[in-house]
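Student: Below, each chain spelled out in residue letters.
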Amino acid sequence: MNERQVESVKSGDPIIAIHGMHKWYGDFHVLSDINLEVQPREKIVICGPSGSGKSTLIRCINRLEEHQRGQIIVNGTELTNDIKNIEKVRAEVGMVFQHFNLFPHLTILENLTLGPIWVRKKPKKEAEETAMMYLEKVNIAEQAKKFPGQLSGGQQQRVAIARSLCMYPEVMLFDEPTSALDPEMIKEVLDVMIGLAEEGMTMLVVTHEMGFAKSVADRVMFMDDGEIVEQNRPDLFFDNPQHERTKLFLSQIL
Amino acid sequence: MNEPAAVRREQLKPPVVDIGVIGWFHKNLFNTWYNSILTVCMVVVLGILVPPLFKWAFVDSVWYSSAAACHDIDGACWSVIPHNIRFIIFGFFPEGQEWRPALAMFLLLALVIYSRKRNRWQGSLGWLWAVSLTVMGVLMYGGIFGMPVVETSQWSGLPLTLMLSFFGMVAAYPLGIMLAIGRRSRLPAIKSLCIVYIEMIRGVPLISLLFMSSIMFPLFLPEGITINKVLRAQVAIILFTAAYIAEVVRGGLQAMPRGQYEAAESLGLTYNQTLRLIILPQALKIVIPPTVGILLSAFKDTSLVVIIALYDVLKTTKVTLSNPKWTGCSTEAYIFLALLYFVFCYAMSSYSRRLEKELDTSY
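Residue numbers (the working numbering), protein chains in the order written: chain A, 103 to 356; chain B, 16 to 378.
Quick caveat, the hints were computed from the structure, so don't treat them as lab data.
Reference excerpt, derived from the structure (chain B facing chain A, CB under 10 Å, subset only):
1. 272
2. 278
3. 282
Computed list of lysine to any residue pairs in SDA-like fashion (alpha-carbon distance at most 25 Å, straight line):
4. A/247 x B/133
5. B/300 x A/246
6. B/315 x B/182
7. A/224 x A/246
8. A/239 x A/292
9. A/223 x B/287
10. A/227 x B/137
11. B/333 x B/346
12. A/247 x B/301
13. A/227 x A/270
14. A/248 x B/368
15. A/226 x B/133
16. A/247 x B/277
17. B/132 x A/208
18. A/190 x B/287
19. B/42 x B/62
20. A/224 x B/295
21. A/239 x A/289
The C-beta atom is built at its ideal place from N, Cα and C for all residues, glycine as well.
The whole structure should be built from the sequences, with the hints applied where relevant.
Tutor: Here it is as structure tokens:
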């Protein structure tokens, strides 16, 4: 980690702290010695070639994947096999998936109120008001009564973001949120994410959208072969990459 | 701007052979040379078969004559049904008390029909069912309000068929769902228990299960304790049907993408909530067609209880036909019975299709 990074990180307690974390799929060492601290309001973009473990890393943060060694602490709660802790962390951490994963049998509004009603135990009316507020925020309020199958990919992904926001998450994880979208729909999703970043949401974003990384990220992380190879402020990361692997990767995608 | 072109486009009509009656005939009956041949052949076959059948069933037939009169005619002797309808429907239920099973059946069917709309599936409907089922039980068994007791050994005919099928389906469905979930459990004990149960039951014919429940099972009970024969048959039907439901539901569960579990879990829903709110509603919807297939089989398979000497509606019909007066009328009686089964099965199957359409949210 370079000097600047340490400076920007040292203020306050991290909201996510990962120490010496390893993960294997069978014999395959998918994540190796991951150390990462994320400060509140920090926006981190994670990039790297496919199979480098970047999705697995953020999926470990809400325990969609189990890690085998090391420590992951999210907002003061350590992730262990204790299902109560896991459910607590999941309620505080929003997740947006590549393929949206909306619930096709529920209306858009029901998709949004499900978590607040069943996990947060909010009254239905209050949950619906919150849901409508966030639907308006992602410019999709008029679709509330429709089913996910009736919406375009970009609209579905915005609903998915709103669904996470309804839980008032402390952290939002984005797992390649625009990779499954047609080109003309990428911008509408990125705009919502930029708005969210401006409001100070803590975000970890796995993406290939380097424009987004440059304009929004506080820190860009490059992963390869299950390791964090390099991380830096976006201007330094893109203009002056330190490692050969980073240079190679950037030369391929830019 | 482009006015002439627009007018011209509106004036264009589809070719005559594609629309209207001619279009329909062309598209469905004569669209290729071999379909045309098939159509002509079918018309010829129907022309040979239908008129004599119609003549037998409706022209030469008798409907209310005595048994003796039936011997002198060429057509169908439908008289066998009105003459024996009491026994076919109610079997050995005591004379003069037929209104009780009749009312019970009416109540059951009325409730089933009332419950068909999904917006009525609320807590109050559950209570209505609980009360009605109790009333049905009282009506059938009696013993209070001056109604003489009718032992279950006298329950027979259509009420018995409907009871065995209804409770068979209603109890087997949730049991089957639980077995399917259990079979996918991470806990080895539960998983293997469910697998053993499902595979054992599916490896055995229903008839042998019924035999076991009626002959072998009592041998294991202590002296003096007997469990009602109808109940034992009912349990056998439930256990049998549940195993088949379980496998169908498991198929539905396997069709659910992992993303649905992950999305639900990442909201913080518990495993039970995820199953109940996200996975089962979708999985059960996917498997409506095969589930209904199993429920229809279960309905018709209740006629197998005849082998443990329960008199369901098929058996009461056979008893009627064993009367020498009516032995010649078996075709007519069985056609009547087939129609009776068909009405129930067709209602179930068309309801399931409607439900499928209602629950379809993919556009």
